[in-house]
Amino acid sequence: MNDLLLSSPLWSLFLFSLIPLSVKVLNKNREVSVFLSSGFVLMGIFSSLFLLLYFWPSSGEESLFYSALVFNEFRALASFVLLLVGVFVVFMSIQHPHVDKDHFSETLFLKSGSLLGLLILLWSGNLLMAFIGLELASLAFYLLIALGRTGSSALKAGFKYFVLGSVASAVLLYGISFVLGAAGHFDLHKVFQQTPELMMTSRILVLGLVFILVGFLFKISIFPFHFWLPDVYSGSFTPLLVLMATGLKVTIFVLLFEWTKGVFSLPEMSSLLSVFQWLAVLSVLFGNIIALLQKDFKKMLLFSTVAHSGYLLMILISSQMGFYFGGTSLLYYLIVYVCMTVGIFICLRIFERENDIAIDLNRLNDLSRQKPFHAFLITLFLLSLAGVPPTGGFVAKLLVFYGLLDQGLWWMLFWTIIGSSIALFYYLKPIALMYMKKSEPIGEEEAVFFPRFLTPVLLVLACFILISGFLPSFFLFG
Amino acid sequence: MLSALIFLPLFFGVILIFVKNPDLCRKCAVFFAGFYFLFSLFLFKVFDSQTEQLQLVERLSWIPALGIEYFIGLDGLSFWFVILTSFLLVVCVGASWSLIKEKAPAFYCCLFLMSTSVMGTFLAMDAVLFYIFFESSLIPLYFIIGIWGGKDRVYAAFKFFIYTAFGSLFLLAAVVALMGLTLQSTGEISASILEFYKLDLPFIKTSLFSTQNVLFLCFFLAFAIKLPFIPFHTWLPLAHVEAPAPGSAVLAAVVLKMGAYGFLRFLLPLFPQSVEFFAPVVCLLAGIGIVYGAFMALAQTNMKKLVAYSSVSHMAYVLLGFFSLNLYGLIGGFYQMLTHAVSSASLFLLVGMIYERTQSLNIADYGGLAKKMPRLVIFFIITSLSAIALPSTGGFISEFFVLMGTFTSKNWWALVFAVSGVVFGAVYILYLIHRVFFGPVSELSKKASLLSKREIGLIFPFVLLVFGMGVFPGFFLKYSSASLNHLQNQRKNYELSIKRVQMDAQPVFQIGKYSHE
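Respectively, the protein sequence lines represent chains A and B. Going left to right, the first sequence walks through residues 1 to 478 as this note's numbering numbers them. Going left to right, the second sequence walks through residues 1 to 517 as this note's numbering numbers them.
Since the hints were derived computationally from the structure, they do not count as laboratory data. Beta carbons are placed, not taken as given, at the ideal position from N, Cα and C, and that holds for glycine. Heads up, a few of these hints could be off.
What the hints assert, rightly or not - Beyond 12 Å from chain B on every Cβ pair, some chain A residues (computed):
| # | residue |
| --- | --- |
| 1 | L21 |
| 2 | N27 |
| 3 | E268 |
| 4 | D296 |
As the list claims (entries may be wrong) - Dumping the calculated DSS-like pairs for lysine-lysine here, alpha-carbon to alpha-carbon at most 30 Å:
| # | chain 1 | residue 1 | chain 2 | residue 2 |
| --- | --- | --- | --- | --- |
| 5 | B | K492 | A | K438 |
| 6 | A | K101 | A | K156 |
| 7 | A | K371 | B | K101 |
| 8 | B | K159 | A | K437 |
To be verified - Here are some chain B residues pointing at chain A (derived, C-beta under 7 Å):
| # | residue |
| --- | --- |
| 9 | I132 |
| 10 | I147 |
| 11 | G150 |
| 12 | F166 |
| 13 | V176 |
| 14 | G180 |
All chains should be built: construct the whole structure from the sequences, respecting the hints.
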């Protein structure tokens, strides 16, 4: 019974997400009201937020269902962030031109399903539960991509992601079976901590570990596994894209953090550590370089997520090597990153048309004259992404630097500096276009629609970015 | 008091951006800037020039987990730059009165925000706070150049931002490293500069990459780009040419000084052995920079570019002075920062006034301007006299001290370059004056009209300053000499203490008073 109660945030999310779907079925398969259905799902998310706060695991670790799910304060905080992502995504989907109005309830259900999957993944106590959670989220993603009204590319992108994603999942499952064979159980953290010598002796374990890492790094688009980004993202609609870019990152980074807690300082892990280090450096460099070459604003932002994954991985590495503020830094970076990404994609709403997914950089020309408010906010979010003070992004970057130096990783720091300097180029370019280019007058059909209810959401995000820059100690409770 | 100095412009700037009427906005901006300047003059009254200690300190815990504080204070090194910043704000707001027609509120907002960040840079005593202000000064200037600049403005603004931000990333890394070192040595992390001064950084004579040297190079890169120092100077002429006249003036007078101030505040006291280690190389490069800047200036066909290259040349004197490692050089370099601020800001404003009338910066288009704008020519010649270091102007004092410092430090090659640089400096300025102001009146020069009263009022303080700094250097150095002496005498183990307010002294501002009666 206690297990059921503790897992109630998951149940409530699931039950509430069923409501819009059943209402639609009972109403002769017609959509009721976009706001009403979204309201139900939001209620579900808020109720699970509330339950999360109610059952806050302030006293160490709780394990549920024979430790299939594990619940501690760090994971609870991450779930909090994840559910907030869910709130933003639901807000963004309302009246979005890419969301099919006839299938709105279905998409909502799938979105909360993927959120549920991510939560399970986040709480997972062993590899098998992690696999179940990841698959639940991924299945919802495959469907959602294909359901988007983004022109012919939606189906193509959905299918591509399905093929690539299932290969990654298969690899992951294969790896899990290897780990089971080598260690006798599914708990990766236990493997690392209790029998680290297996890393040296058992080749099967190492192979399994490589497979598992490939499976997870694929989802968070760390450097050599980022190739699917353009195809899939260019076909999926923006709210979903935000969910995939931020939700998956929050979950998997926190999970990796939990698994590798305190193990990178062990001598047996040195090879794994150096693999992580190189992946982080290469992600930062390549992500930034590829983003620099993009002509499309959305694609540029997406490739910059590769670089941000790299920075996050750096925090992860330094914290597992012994950086005291590691956990706090990771969460702080994730929160700020979520806010920046959500904020900028909400701003981009003014450019979105049905069946048209690309946002050429040139469309930003002279935006400051037509939409001064949005231009200002885009500038703020971009500066934060670039890590310029006084924004939250700056403090996040400071923490990355501090973590690396704390562990004496000078060489990584050097490449980070180079990468961040490259990033300045493409983060400044849109700002220059918005404020400094004069465009020819645009015809009537370009009149932009921006739903009014999104403005307060944007303001909250912007305030958060500024406050987290000015008063980070408010969040750095460590 | 110091917090008010930092955040008043921010407050004013935010107000200004909401004033829609450009005329009203202009008036408000002038009023605000004037008020701000008068407010900053209070510092003369409360500042104690006798001590090198840190004064008017305000200290709050900010990010305790990382030892970062909101820690600001004033000493002799920063005193004049604070005054200079507020003075330049008034002048620039005045200079943009008729120049900026488009988006005037946003322009004034940028200028005021610029003042906030520059003021913060000069007052911050916490390294991370310093970095935040140092870096955030880029944003308003980026917009000033990029929105209100000339034809190539976007590229210029871009280059400016990227160059300086690239350097400051290394600065950030070095600051974070120093924070880590305070943790190692005292067991308590701190980003306060005073704590940094207490560090004893490892230095190995035979190795180029000892800890001290690496940190020195990181800091040096950041500040040398800002200064700008060859070979990192290429952003400057471009930014100057494209920026509107007030933007150029701020850039030359204040922003470049932030780089030079960084040398005084961080490099010289923090890395004494590395400074000695690298001094000959830096002096030589500075000497080359002086001559290079002068020659480049001589070759320019664009007036603003010429003045910009003269900035490169003059700022190299500052570095030469600092790295000659004696009191003469230090004073000379410091004074050169002030005189260069005055002369280059006024030269940029004057060039801006010419440009406003004729819309051309090309030297070949001009000739005989003296017949059309006699007063401007007089002002121009007077301020450029300071730039070529004629006795009785401020420039003479500073360059004389720098040369004396170089002589004492026995950097002969640098001395040869620097002395010849003085001569070349005279050549390019006089050649410019000859081509633009004298000779037959060209077509374009006919368009020029006399200076208005407002413009004369803007330039006149500069003329007074040029002579004032030349005739009464004692007054200007009085406020900084204690700090400069301290910096020189304690170079090997520099420490800075906070001046305690005596019990009977009243705080400047007091909110709420408790009495026992």
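The hints, checked one at a time:
Chain B leaves L21 (chain A) outside its interface by the beta-carbon criterion, the shortest separation being 46 Å against a cut-off of 12 Å. Against the 12 Å criterion, N27 (chain A) stays outside the reach of chain B, whose nearest CB is about 49 Å from its own CB. Annotated as non-interface, E268 (chain A) keeps its C-beta farther than 12 Å from every C-beta of chain B; the closest such distance is 27 Å. Its beta-carbon lying about 20 Å from the closest one in chain B, D296 (chain A) satisfies the requirement of being farther than 12 Å from that chain.
Between the alpha carbons of K492 (chain B) and K438 (chain A) the distance comes to roughly 55 Å, so the proposed pair goes past 30 Å and is violated. About 21 Å separates the Cα atoms of K101 (chain A) and K156 (chain A), which keeps this hinted pair within 30 Å; it holds. Of the supplied pair hints, the one linking K371 (chain A) and K101 (chain B) holds, its CA atoms being roughly 20 Å apart against a limit of 30 Å. The suggested pairing of K159 (chain B) with K437 (chain A) holds, with an alpha-carbon distance near 16 Å, which does not exceed 30 Å.
About 4 Å separates the beta-carbon of I132 (chain B) from the nearest beta-carbon of chain A, less than 7 Å, and the hint is met. Hint status for I147 (chain B) relative to chain A: holds, with the closest Cβ pair at about 6 Å, below 7 Å. Among the interface hints, the one on G150 (chain B) is violated; its C-beta lies about 12 Å from the nearest C-beta in chain A, farther than the 7 Å criterion. Interface restraint check: F166 (chain B) against chain A, minimum CB-CB distance 4 Å, threshold 7 Å, status holds.
Hint status for V176 (chain B) relative to chain A: holds, with the closest Cβ pair at about 5 Å, below 7 Å. Taking 7 Å as the C-beta contact cut-off toward chain A, the hint placing G180 (chain B) at the interface holds, the least distance being around 5 Å.
Against the hints set out earlier in the document, violations occur for numbers 5 and 11.
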